[in-house]
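Chemist: Listed below, chain by chain, are the residues.
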Amino acid sequence: MEFFRIKRDIPFMSYGKLTTTISLVTFILAVVFLFTKGLNLSVEFTGGTVMEVQYQQAANLGDIRHRVETLKVGEVQVQSLGTSRDVLIRLPSKAGTSSAKLSEQVMGLLKAGDASVQLRKVEFVGPSVGEELVSSGLTAILLVCVGIVIYLAIRFEWRLALSAIIANMHDVVIILGCFALFQWEFSLTVLAGVLAVLGYSVNESVVVFDRIRENFRRPAMRGKSTAAVIDNAITATMSRTFITHGSTETMVLSMLLFGGPALHGFAMALTIGIVFGIYSSVLVASPLALALGTKREHMVKIVKPKEEAVV
Amino acid sequence: MNRFPIWKYLLIALVLITATIYTLPNFFGETPAVQISSTRQSTPVDTALMARIETTLKQQGIAPQGIFLDGTSLKVRFKDPDTQIKARDAIQQALGDTYIIALNLLPASPEWLTRLHANPMFLGLDLRGGVHFLLEVDMQAAVEKTMERYAGDVRRELKAAKIRYGTIKRQGDTTLEVQLRDADTLKAAADKLARTLPSVSFDSDDTNFRLTLKLKPEEITRIQSDAVKQNITTLHNRVNELGVAEPVIQQAGPSRIVVQLPGVQDTAKAKDILGRTATLQVRMVEDDPGKVAEALAGNTPAGYELLDEVTSRGTGKILLKKDVELTGDNINSAQPGFDQNGGASVDIGLDSTGAEIFRTLTAESIGKRMAMVLVEKNRSEVVTAPVIRSEIGGGRVQISGSMNPAEANDVALLLRAGSLAAPMNIIEERTIGPSLGKENIEKGFHSTLWGFAAIAVFMAIYYGVFGVISVISLAANLFMLVALLSMLQATLTLPGIAAIALTLGMAIDANVLINERIREELRNGVPPQSAIQAGYGHAWATILDSNVTTLIAGLALLIFGSGPVRGFAVVHCLGIMTSMFSAVLVSRAVVNLWYGRRRRLTSISIGQVWKPDNK
Chain A
1 MEFFRIKRDI PFMSYGKLTT TISLVTFILA VVFLFTKGLN LSVEFTGGTV
51 MEVQYQQAAN LGDIRHRVET LKVGEVQVQS LGTSRDVLIR LPSKAGTSSA
101 KLSEQVMGLL KAGDASVQLR KVEFVGPSVG EELVSSGLTA ILLVCVGIVI
151 YLAIRFEWRL ALSAIIANMH DVVIILGCFA LFQWEFSLTV LAGVLAVLGY
201 SVNESVVVFD RIRENFRRPA MRGKSTAAVI DNAITATMSR TFITHGSTET
251 MVLSMLLFGG PALHGFAMAL TIGIVFGIYS SVLVASPLAL ALGTKREHMV
301 KIVKPKEEAV V
Chain B
312 MNRFPIWKYL LIALVLITAT IYTLPNFFGE TPAVQISSTR QSTPVDTALM
362 ARIETTLKQQ GIAPQGIFLD GTSLKVRFKD PDTQIKARDA IQQALGDTYI
412 IALNLLPASP EWLTRLHANP MFLGLDLRGG VHFLLEVDMQ AAVEKTMERY
462 AGDVRRELKA AKIRYGTIKR QGDTTLEVQL RDADTLKAAA DKLARTLPSV
512 SFDSDDTNFR LTLKLKPEEI TRIQSDAVKQ NITTLHNRVN ELGVAEPVIQ
562 QAGPSRIVVQ LPGVQDTAKA KDILGRTATL QVRMVEDDPG KVAEALAGNT
612 PAGYELLDEV TSRGTGKILL KKDVELTGDN INSAQPGFDQ NGGASVDIGL
662 DSTGAEIFRT LTAESIGKRM AMVLVEKNRS EVVTAPVIRS EIGGGRVQIS
712 GSMNPAEAND VALLLRAGSL AAPMNIIEER TIGPSLGKEN IEKGFHSTLW
762 GFAAIAVFMA IYYGVFGVIS VISLAANLFM LVALLSMLQA TLTLPGIAAI
812 ALTLGMAIDA NVLINERIRE ELRNGVPPQS AIQAGYGHAW ATILDSNVTT
862 LIAGLALLIF GSGPVRGFAV VHCLGIMTSM FSAVLVSRAV VNLWYGRRRR
912 LTSISIGQVW KPDNK
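First to last, the sequence lines map onto chains A and B.
Under the working numbering, the first sequence is numbered contiguously, ending at residue 311.
Under the working numbering, the second sequence is numbered contiguously, ending at residue 926.
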C-alpha cells in the first residue's frame with residue numbers, strides 16, 4: 001500500500017501568492033478575534049473559584065444558580081459539564097476575600113437543596129498567582145522561540161530559522177484565535193498544548209529544511225533553481241508528513257474522545273496545531289525562506305580556490 | 312551487512328530488561344495499609360512497637376498480611392479496606408495519641424521488586440484525589456513583629472543601663488527612632504545598643520539627639536526565611552494531626568509554602584487545622600500531695616486542672632492551677648542546647664513583656680514547679696514542668712534537667728511550633744475527589760491505549776514487517792518512559808499522561824522517517840541491505856534535529872511552567888529522550904536481527920514500494 005503516488009514534483013512555490021494570502025487572512029482574522037473577543041481565560045489565570053459537583057439525578061441549574069447568588073459574590077456561572085448530573089460553578093475572585101472558605105459556603109447552600117450533591121473538585125486561585133502565570137507563560141513562549149531560532153541558525157542558516165519561527169508563531173496565533181472565536185476555556189493545560197505545538201511544528205519545518213539542504217548538496221539537483229529544489233524537498237517528504245501527522249492526530253483524537261473534559265482543551269489545541277502545522281511548514285515556512293533569498297551558497301560550503309603563494 | 316557488535320545488542324537488552332523490571336510494579340495495584348509514625352524522637356518507632364502492634368492485632372483477631380519498618384514509620388498491610396479500618400481503630404486505641412496513625416495504600420508488588428527500589432509511579436493529586444494548598448506568608452507582618460520586639464529590647468536595655476530616653480517611634484517598616492536628652496545620653500545609648508543589637512545599623516543625629524535604628528538588609532532576609540521555615544515546621548505538626556500518610560509541605564519561592572495532602576477529602580477540617588493558632592501557656596504546678604490525691608481520685612479542686620504529661624518514661628498526670636501566667640505570644644525563640652553541666656536543655660528567649668512577667672513570677676515561686684502547656688484544639692498537654700531554682704530576669708530562660716537531647720529537641724520544636732511566625736493566606740486551592748482521580752486515570756489510560764492500538768494497526772498494515780518493528784520500538788519507548796518515571800518517582804499528573812500519549816504519537820515520527828527513507832532508497836533501485844543502511848543513516852540527522860527543537864520547547868516549559876504545565880513538561884522531555892533511543896537503536900537492533908544476517912536478501916517487507924512508470 002502506498003498513499004502517495006506522486007509522479008512529478010508539485011510546484012508548491014508557484015502557489016506562493018495564493019498561500020501567503022490565505023495565511024495572511026487567517027492570521028489577521030485570528031488577531032482580530034483575539035482583540036475583539038479575547039481569550040476565555042480559566043480561573044488559573046484570572047483568579048477565582050471553580051467547583052465541580054455531581055448530583056445523583058439531573059441537576060437543576062436554575063436552582064443552583066439561585067442558591068449561589070444569595071452569597072452575593074458577583075457574577076456566578078453555573079453550567080453543566082458533560083452530563084446533566086455534573087455541574088460546573090465559577091465564582092469570581094473578590095478583593096478582600098482571600099479565604100478559600102467560599103467553596104464550603106457554596107457546598108453548604110447546595111447541600112441544603114439536595115443532600116446527595118457531591119464535591120468533585122475545587123480550584124481556588126488568588127489574583128496575584130494568575131498574573132504571575134501570565135508573565136511566566138509569555139516568558140516561556142519567548143524563550144522557546146529564541147532557543148529554536150538559535151539552534152536552527154547554527155544547524156542550518158538564519159534565513160531558515162527565521163522563516164520556521166514565523167511559520168510557527170503563525171500557528172500559535174491561529175490556535176489562540178480559534179480559542180478566542182469559540183470562547184473555549186484557555187487553561188494552563190491548553191497553554192502546555194500550545195507550547196508543545198510550537199516544538200512539534202518546528203519539527204515539521206526541520207524535516208523539510210533538512211531535505212532542502214540535502215537537495216542542495218545532491219549532484220542531480222545542481223543547476224536547478226531554489227524553488228525547484230524546495231518543491232522537490234516538500235514532495236519527497238510529503239508521504240512522511242501525512243503519515244506522521246496522521247499518527248500524532250490519532251493519539252490526539254483518542255484523547256479528545258476518551259480523555260474527558262480535563263483533556264478536551266489540550267487535545268483541541270493540538271488538533272488545530274497539527275492541521276495548521278502541516279500547512280504552515282509546507283506553505284508558509286518554505287515560501288518565506290525563498291522570499292528571504294535562501295540560496296545554495298548558504299547551505300553548501302563552497303571550497304574557494306587556493307590563492308597562489310606570492311614569492 | 313547490517314549487524315551490530317555484540318555489546319550493542321547486550322546494552323539494548325540490558326536497558327530493555329531494566330525498563331521492564333521497573334515498569335512491573337505499576338501492574339500490581341495497591342493494598343490497603345495502616346501507617347504508624349511518630350513526630351517525636353522520644354517516642355521512637357522501633358521493633359518494640361512492632362511487637363506491641365502485632366499482639367494488639369492478634370488480640371483483636373485481625374490478621375495482617377505483612378508488617379515492616381520503613382525508615383521512621385511502621386507499615387502494616389491488610390487484605391481489604393474493611394480490615395484496614397478495623398485495624399486502624401484497634402491500633403489507635405492501643406497506642407493513644409502519641410503516634411500518628413494514618414490509612415495508606417501500599418504498592419502490592421512482590422518483595423523482590425521493592426528490594427530493587429522498583430516502585431510504581433508517584434501519582435499526583437489529580438489522579439489519586441486530595442487537597443493542594445498554596446499558602447503565602449505575610450512577610451510584612453513578620454518584619455513588623457520583629458520590629459516590635461526590638462522596640463521592647465531597646466526600652467529594656469536603656470532602662471537597665473539607666474539611660475533616660477524620650478519616645479521610641481517606628482518609622483516606616485524597618486526603622487526605629489529613639490529620642491534622647493543630650494549628646495551624652497545619645498552616645499551612651501548608641502554604645503550600649505550597638506553591643507546588644509548587632510543586627511541593626513545605627514545612625515546618630517547629633518543636633519536633635521535622635522538615634523535611628525535600621526534593620527540591616529541581611530537581617531530582613533533572615534527574618535523572612537526564618538518566618539517561612541518556622542511556618543513550615545508549624546504546618547508539619549498540624550498536618551501530622553490530620554493523619555495523612557504522605558503529606559508534602561515544601562517551600563515554593565521566597566514567601567510561599569505548598570501543602571499537598573493526598574487522600575484528604577475533608578477540606579474544611581484541613582483548612583481549619585492549617586489556619587489554627589496553637590497557644591502555649593505557662594502555668595504553676597500544684598504539688599501539694601493532698602490536692603493531687605484528691606484530683607487523681609477524680610475530684611479535682613476548684614481552680615485546678617488535671618492534665619497529661621508525656622515523657623519518655625510514659626504518660627503521667629500533673630495538677631495545674633487554672634491561672635495562665637504567660638502565653639506563647641511572648642516567646643521569641645526556643646532552641647535545644649546544653650546547660651553548664653553538659654545536660655540537655657531548651658533555651659527560650661522571651662520578649663520584654665514576657666521577661667518582666669517571668670522575672671516576677673520566678674522571684675515569687677522559687678522551689679516550685681512551673682508547667683509549659685501546649686493548648687491545641689481544646690486539648691492541653693504539658694510539654695515540660697521544671698523546678699524554679701532562682702529568679703530569672705533578662706528574658707533568657709533555660710529549662711534543663713530530667714531530659715535527654717531528643718526530648719529537648721521535641722520540647723523546643725513544640726514551643727516554637729506553637730505559633731506561626733507570621734500569618735498566612737491561602738492563595739491557591741485545589742481539591743480533587745477520589746472518584747474523579749480514578750476516572751482521570753482511567754480516561755488517560757484509555758486515551759493512550761486506543762491511540763496506541765490505532766497507530767499499531769495502521770503501521771503494521773502500511774509498512775508490513777517494518778511497521779511491526781516500529782510498533783515494537785514504540786512499545787519499548789513506552790516501557791522505558793514508564794520505568795524512568797517510576798525510577799525518578801516524578802509526580803505523574805493527568806497532563807503527564809497526556810504527555811505520554813502525545814510523546815508516543817510524536818515518537819512514531821522517527822520510525823516513519825526511517826521507513827519512508829528506506830522505501831525511497833528501494834524505489835531508486837538500491838539493494839535492500841544498503842537501503843536499510845542508507846535509510847537509517849539519512850534519517851538520523853533529521854531525527855536529531857527535530858527532537859532537539861522539540862526538547863528546547865520542553866525545557867522551556869519545564870523551567871517556566873508551574874503546576875499542570877510542569878507535570879506535562881517533565882514527561883514530555885523524558886519521552887523525547889527515550890524515543891530517540893528506542894526509534895533508532897531498538898528498531899535497528901530488531902531489523903538487524905531479522906534481516907541483517909541474510910546474505911542474499913532480495914526483498915524486505917516494508918509495504919508496497921511504488922515506482923513511477925515514466926521515470
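To be clear, the hints were calculated from the coordinates, so they are not data collected in a lab.
There may be inaccurate statements among the hints.
To be verified - In silico DSSO-like links for lysine-lysine, alpha-carbon gap of 30 Å or less:
1. A/101 with B/456
2. B/580 with A/101
3. A/111 with B/582
4. B/580 with A/111
Claimed, not checked - Listed next, the stretches of chain B that the computed footprint assigns to chain A, with coverage defined by at least 3 CB atoms under 8 Å from CB atoms of chain A:
5. 372-382
6. 746-752
7. 845-857
8. 869-882
9. 906-920
Stated by the list, open to error - Every beta carbon over 10 Å from chain A, so not counted as near; a handful from chain B, in silico:
10. 397
11. 447
12. 498
13. 503
14. 509
15. 592
16. 607
17. 636
18. 660
19. 677
20. 741
21. 831
Where a beta carbon is used, it is the ideal one built from N, C-alpha and C, also for glycine.
Chemist: If we take the beta carbon of residue 503 of chain B, is the closest beta carbon in chain A still more than 10 Å away?
Modeler: At about 43 Å from chain A, residue 503 of chain B clears the 10 Å cut-off, so the statement holds.
Chemist: Just want to verify: residue 741 of chain B was marked as not at the interface with chain A; is every Cβ pair farther apart than 10 Å?
Modeler: violated, 5 Å
Chemist: Please work out if residue 580 of chain B and residue 111 of chain A have their alpha carbons no farther apart than 30 Å.
Modeler: Distance ~17 Å between residue 580 of chain B and residue 111 of chain A Cα, so the pair holds.
Chemist: Does the claim that residue 447 of chain B lies off the interface hold, with its Cβ farther than 10 Å from every Cβ of chain A?
Modeler: Given that some Cβ of chain A is not farther than 10 Å from that of residue 447 of chain B, nearest at about 8 Å, it is violated.
Chemist: Beyond 10 Å from chain A, beta-carbon-wise, is residue 660 of chain B?
Modeler: Its Cβ never comes within 10 Å of chain A, the nearest being 32 Å, so this holds.
Chemist: Verify that the Cβ of residue 498 of chain B lies farther than 10 Å from every Cβ atom of chain A, and report whether the claim holds or is violated.
Modeler: Given that every Cβ of chain A is farther than 10 Å from that of residue 498 of chain B, nearest at about 46 Å, it holds.
Chemist: When I compare C-beta atoms, does the segment 372-382 of chain B have three or more residues closer than 8 Å to chain A?
Modeler: Three-residue rule not met by the segment 372-382 of chain B, so violated; n is 0.
Chemist: Compare the distance between the alpha carbons of residue 580 of chain B and residue 101 of chain A with 30 Å, and conclude whether the hinted pair is satisfied.
Modeler: holds, 11 Å
Chemist: Would you check whether the claim that residue 636 of chain B is not at the interface survives, using Cβ distances to chain A and the 10 Å cut-off?
Modeler: holds, 34 Å
Chemist: Is the straight-line distance between the alpha-carbon of residue 111 of chain A and that of residue 582 of chain B 30 Å or less?
Modeler: With a Cα-Cα distance of about 20 Å, the restraint between residue 111 of chain A and residue 582 of chain B holds, given a limit of 30 Å.
Chemist: In terms of beta carbon proximity below 8 Å, does the segment 746-752 of chain B have 3 or more residues touching chain A?
Modeler: holds (count 4)
Chemist: Would the non-interface assignment of residue 607 of chain B survive a Cβ cutoff of 10 Å against chain A?
Modeler: It holds; residue 607 of chain B is separated from chain A by about 43 Å at its closest Cβ, greater than 10 Å.
The earlier numbered hints that this structure contradicts are 5, 11, 20 and 21.
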